[in-house]
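In order, the protein sequence lines correspond to chains F, R and L. At position 233 of the first sequence the residue is numbered 233 (this note's numbering), and the sequence of numbers has no breaks. At position 4 of the second sequence the residue is numbered 4 (this note's numbering), and the sequence of numbers has no breaks. At position 210 of the third sequence the residue is numbered 210 (this note's numbering), and the sequence of numbers has no breaks.
It should be emphasised that the hints constitute simulated quantities derived from the structure, not laboratory data. Fair warning: this is a prediction, and the values are worked out from it, not measured in the lab. Fair warning: there could be bad hints in the mix.
Said to hold, decoys possible - Covered stretches of chain F (chain L as the covering partner; in silico rule of three or more C-beta atoms under 8 Å from a C-beta of chain L):
1) 88-99
2) 104-117
Claimed, not checked - No more than 20 Å apart at the CA atoms, straight line, and that leaves these computed lysine to aspartate or glutamate pairs for EDC-like:
3) K108(R) <-> E125(R)
4) K108(R) <-> E152(R)
5) K115(L) <-> E201(L)
6) K2(F) <-> E62(F)
7) K2(F) <-> D24(F)
8) K131(R) <-> E152(R)
9) K296(F) <-> E183(R)
10) K296(F) <-> D203(R)
11) K131(R) <-> E95(R)
12) K296(F) <-> E175(R)
13) K108(R) <-> E134(R)
14) K296(F) <-> E31(R)
Cβ atoms here follow ideal geometry from the backbone N, Cα and C, with glycine treated the same way.
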Amino acid sequence: MKPLLAIRGLAKSYGAVAALRGVDLDVGEREFLVVLGATGSGKTTLLRSIAGLLAPDAGTIELGGRAANALSPAERDIAYVFQNFSLYPSMTVRENLAFPLRAPGRRLEPAVVDERVARAAGLLRIERLLERPARRLSGGEMQRVAIGRAIVREPRLFLMDEPLSNLDAKLREELRVELAGLARELGAPVVWVTHDHAEALSLADRVAVLGDGRILQSGTPREVYERPADARVGRLVGFPPINVLAVAARDGWWSTDSGARIAPCAPDVPGGARAELGVRPEHVALTGGDGGARVKAVEALGPAALVVLDWCGSEVRALVEAGGPQRAGDSVAPRVDAALACVWRNQPL
Amino acid sequence: MSFLSLERVEKRYPDGTHAVRGIDLSIERGEFVVLLGPSGCGKTTTLRMIAGLERHSAGTIHIDGRDVSGLAPSQRDIGFVFQFYALYPHLSVRENVAFPLMCAAVAKADRERRVREVAASVGIEALLERKPRELSGGDQQRVSLARAMVREPAAWLMDEPLGTLDAGQRAGMVEFLRARQREAGVTTVYVTHDQEEALRLADRVVVMDQGRIEQCGPPARVYAEPATLFVARFVGSPGMNLVAGDCAGGRFMVAGARIADDVRAPDGPLVLGLRPEHVRVDPRGVLRGRCRLDAFHGACRYAWVDTPGTRIALRVSAAAPALAAAEVALGFDAAHACWFDPASGRRVA
Amino acid sequence: MRLVRWLVLVAGLSFAALPLLWMGLSSLKSREDAIRPHLNFVPALGAPADPHSFEFEATGTAYAHLSEVHAGAQASFWSHLWSSVVIGVLSTLASVALGTACALGFSRLEIRAAKDWLFFVLSTRFMPPLAVVVPVLLMYRTLDLQGTHLGLALLYTVFNLSLATWLMKGFLDEIPRAYEEAALVDGYTRAQALWRVVLPEARTGIAVTAVFCLISAWNEYGFAMTLNSSGAVTVPAYFAGLQGNIEGMPWPQIAAGALLFVAPIVVFTWLARAHLLRGITFGTVKQ
Numbered sequence: 001m002k003p004l005l006a007i008r009g010l011a012k013s014y015g016a017v018a019a020l021r022g023v024d025l026d027v028g029e030r031e032f033l034v035v036l037g038a039t040g041s042g043k044t045t046l047l048r049s050i051a052g053l054l055a056p057d058a059g060t061i062e063l064g065g066r067a068a069n070a071l072s073p074a075e076r077d078i079a080y081v082f083q084n085f086s087l088y089p090s091m092t093v094r095e096n097l098a099f100p101l102r103a104p105g106r107r108l109e110p111a112v113v114d115e116r117v118a119r120a121a122g123l124l125r126i127e128r129l130l131e132r133p134a135r136r137l138s139g140g141e142m143q144r145v146a147i148g149r150a151i152v153r154e155p156r157l158f159l160m161d162e163p164l165s166n167l168d169a170k171l172r173e174e175l176r177v178e179l180a181g182l183a184r185e186l187g188a189p190v191v192w193v194t195h196d197h198a199e200a201l202s203l204a205d206r207v208a209v210l211g212d213g214r215i216l217q218s219g220t221p222r223e224v225y226e227r228p229a230d231a232r233v234g235r236l237v238g239f240p241p242i243n244v245l246a247v248a249a250r251d252g253w254w255s256t257d258s259g260a261r262i263a264p265c266a267p268d269v270p271g272g273a274r275a276e277l278g279v280r281p282e283h284v285a286l287t288g289g290d291g292g293a294r295v296k297a298v299e300a301l302g303p304a305a306l307v308v309l310d311w312c313g314s315e316v317r318a319l320v321e322a323g324g325p326q327r328a329g330d331s332v333a334p335r336v337d338a339a340l341a342c343v344w345r346n347q348p349l
Numbered sequence: 001m002s003f004l005s006l007e008r009v010e011k012r013y014p015d016g017t018h019a020v021r022g023i024d025l026s027i028e029r030g031e032f033v034v035l036l037g038p039s040g041c042g043k044t045t046t047l048r049m050i051a052g053l054e055r056h057s058a059g060t061i062h063i064d065g066r067d068v069s070g071l072a073p074s075q076r077d078i079g080f081v082f083q084f085y086a087l088y089p090h091l092s093v094r095e096n097v098a099f100p101l102m103c104a105a106v107a108k109a110d111r112e113r114r115v116r117e118v119a120a121s122v123g124i125e126a127l128l129e130r131k132p133r134e135l136s137g138g139d140q141q142r143v144s145l146a147r148a149m150v151r152e153p154a155a156w157l158m159d160e161p162l163g164t165l166d167a168g169q170r171a172g173m174v175e176f177l178r179a180r181q182r183e184a185g186v187t188t189v190y191v192t193h194d195q196e197e198a199l200r201l202a203d204r205v206v207v208m209d210q211g212r213i214e215q216c217g218p219p220a221r222v223y224a225e226p227a228t229l230f231v232a233r234f235v236g237s238p239g240m241n242l243v244a245g246d247c248a249g250g251r252f253m254v255a256g257a258r259i260a261d262d263v264r265a266p267d268g269p270l271v272l273g274l275r276p277e278h279v280r281v282d283p284r285g286v287l288r289g290r291c292r293l294d295a296f297h298g299a300c301r302y303a304w305v306d307t308p309g310t311r312i313a314l315r316v317s318a319a320a321p322a323l324a325a326a327e328v329a330l331g332f333d334a335a336h337a338c339w340f341d342p343a344s345g346r347r348v349a
Numbered sequence: 001m002r003l004v005r006w007l008v009l010v011a012g013l014s015f016a017a018l019p020l021l022w023m024g025l026s027s028l029k030s031r032e033d034a035i036r037p038h039l040n041f042v043p044a045l046g047a048p049a050d051p052h053s054f055e056f057e058a059t060g061t062a063y064a065h066l067s068e069v070h071a072g073a074q075a076s077f078w079s080h081l082w083s084s085v086v087i088g089v090l091s092t093l094a095s096v097a098l099g100t101a102c103a104l105g106f107s108r109l110e111i112r113a114a115k116d117w118l119f120f121v122l123s124t125r126f127m128p129p130l131a132v133v134v135p136v137l138l139m140y141r142t143l144d145l146q147g148t149h150l151g152l153a154l155l156y157t158v159f160n161l162s163l164a165t166w167l168m169k170g171f172l173d174e175i176p177r178a179y180e181e182a183a184l185v186d187g188y189t190r191a192q193a194l195w196r197v198v199l200p201e202a203r204t205g206i207a208v209t210a211v212f213c214l215i216s217a218w219n220e221y222g223f224a225m226t227l228n229s230s231g232a233v234t235v236p237a238y239f240a241g242l243q244g245n246i247e248g249m250p251w252p253q254i255a256a257g258a259l260l261f262v263a264p265i266v267v268f269t270w271l272a273r274a275h276l277l278r279g280i281t282f283g284t285v286k287q
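Assemble the whole structure, with the sequences as input and the hints as a guide.
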């Protein structure tokens, strides 16, 4: 099946600074794609190029099998939810929702406009806000209406530029659950960019990790989390962050230079081979190993506790059930679940 | 007497807004206290009153045994870190960090030594000659921390210092901050709306809502034994599940179904509070519903199930079978249940 | 504390408002009372019993006499006020419309050497305007614009255009680009987006700019005096012209006229005050 959106070799520079250096990306007909990247990784540039608000320096964008590079934003039939803008403050919520439908090119009957506005308001549970001026809404309500503005259009693709990033942590979490459910219900294709890995993992059908102006890895949330392609992707996805250790193969073990034996290595690895080892904190147990580690600190994380270890001079974090007996200063014998560790060979640190 | 104490402190603005409605709080020397609450709960106002940036309308504030009511911020011996870095754009990093020492008439050699030390401790030695606009958000925030630390004040006050950083940078800064504070032993009051940040940083968390303190205690206690419904909902991600029902003769009933026995609560309306990690899929469970969303979270998954009356979140292991759109029955761990009186909002058992 | 604050306020207010009050009182006097050598400032309904008291007889004759044509002028106060209104409103509309258009360009389009152009726009205000009064006079004489409403309105528009452009650019820069971009994605053209979205959000800026332009045109004296001494005379020039009055200055009428002359500006500013206040705090409320 042909993808709805196909991007090939997309590049864009601002003066001497390259924001995108050749991005290839496909989005399927009913796919929820999250583009995850740190601040300044080119996420917004990518979205704006797809929307047609920005002309890329190189590369092609195809929408529904047709070249779209030359199309104006309006002709692309894409809805865009902005990060730093949600609504026109001087219009009411209803006017804001109807605004995209009243665009001159669209020629919709007033009755159709009313009906679509009512339906979007119902979906997002904002009916009671319809007559209120937009500037009198709270942050969460604003963002709901902003998403409503995108939904009324019934576009062929939704672009979301960190729509939750300006909200309180608590509100962000609530709206996230709701939007994820809504997107599945509508079955609409979405490209959502964010720097928040939790958002990416919980929302996406597929996560594309953006770094250095390129897609570093793309896959289901599980693939990206459990098998990150390299240390950068590993660090970007997941909290508490993954432990990345420089190791060498010695006597059948991946060991740090200071002698901590982290995990057994495969028999075909030649002695002295160097690698980076990526170990998720939840795969570090505090017992069953050789010893040689000391607890530096214990942090409460609600259901779990984060134990920071000094393991023969290397800092290693372990995620354990809350309420464990460990205290700062204790000696422990950590053990890594070798099957779940990632080995990145031949990568310079 | 404790190092910093607030007694019946109130803040009323001329327009009638009652931002802080009587707060009692005492903070010991060297303690790390986090004020946690949603926007508008009065946490920032409280911090600003401690700093002297805002005058309290009633009550008293003592710092180190001294009533500071009439004192200007500069006389209170505190360092303040703002949410927006508030660096002087026309000064270099070195000059920015040295700025607080300029008005304190410190000898030049001393000043340079202090700046060097602080820069080393926050890891910005290499940036000293740059201008703030040439720095990333994380580095700017380091500089502004350095500026607060350079003067060795009696207390650090921090107003959401990590609010503008992206998720990746924030995780690292939290650990850095905590380590620096333990090392320096400076009394710290820290404001945030992010419960995860609060749990990780604090010796003691103060949860605030609508100008009042809801609960004050160590992170693990606030998480496991929330004092009020508000705290139950606000702390934790997702927050505590709350199931409303009635108690009669020790039996807890929801819509005619018996949910729990041996409840030690008076008869009448009652709310059951359950952390997501204490809810599990259980074919014999009495809480039934359809799973609305099953979201991957890295180390675990969270599923949201729409039971009659309320949506319940549960934590499931990453390897457990998928729940999305399935009809499920839920059981829970009665030992970890919290019980609340819906009228007062307070926990009763 | 409160008392002191109030006292300071009252003192400040009376100091500032005293001239206006005095003008108001003068406008109620007869000509004789107005030029009487001793102090009289308490209006009374009838003639005061004691001619040396502080009282004077309040009368509305000054207002009635405004419709007279005084020596030294060609028409009544009202017709001059009309000239002021026509010229003020025309030039304000033109400056705001053109200034906004210029500012939109500078704020939203990629213009080469935009900073240099903006500096050039500002530089038109470097020279004191009256320095060019003679060339303008010659030009206007050739073009037959002397003594016309259009002539002065054009001139004021030119003077205020740089101010309007700079002010409006500041306001438009504050309106996020995402406003138009959202409309573009929604299916509007750039022009429609500007008209439907950006301009309504710029109302505050437009109001502030209009107030500044109107005040400047309304009170201008130098050019009004030189260019329009014979026709379409504005109120400031009219008052100055009364100095040649062989009967002496008609003080009560001047006071009455001045009050009426100030009134429209006060009313206009009052109407726009909500916008003005928002305009002053613009940019500080958002983070």
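Evaluation of the provided hints:
1. 88-99: The restraint on the stretch 88-99 of chain F holds, since 4 of its residues have a Cβ under 8 Å from chain L and three suffice.
2. 104-117: holds (count 3)
3. K108(R) <-> E125(R): Roughly 18 Å between the alpha carbons, so the hint for K108(R) and E125(R) holds.
4. K108(R) <-> E152(R): The hint holds at about 17 Å.
5. K115(L) <-> E201(L): Outside the cut-off at roughly 25 Å; violated.
6. K2(F) <-> E62(F): Holds, at roughly 10 Å.
7. K2(F) <-> D24(F): holds (15 Å)
8. K131(R) <-> E152(R): violated (24 Å)
9. K296(F) <-> E183(R): holds (12 Å)
10. K296(F) <-> D203(R): holds (16 Å)
11. K131(R) <-> E95(R): Holds. K131(R) to E95(R) sits at ~9 Å (cutoff 20 Å).
12. K296(F) <-> E175(R): holds (12 Å)
13. K108(R) <-> E134(R): violated (26 Å)
14. K296(F) <-> E31(R): Distance of about 18 Å is within 20 Å: holds.
Checked against the numbered hints above, the structure breaks hints 5, 8 and 13 and satisfies the rest.
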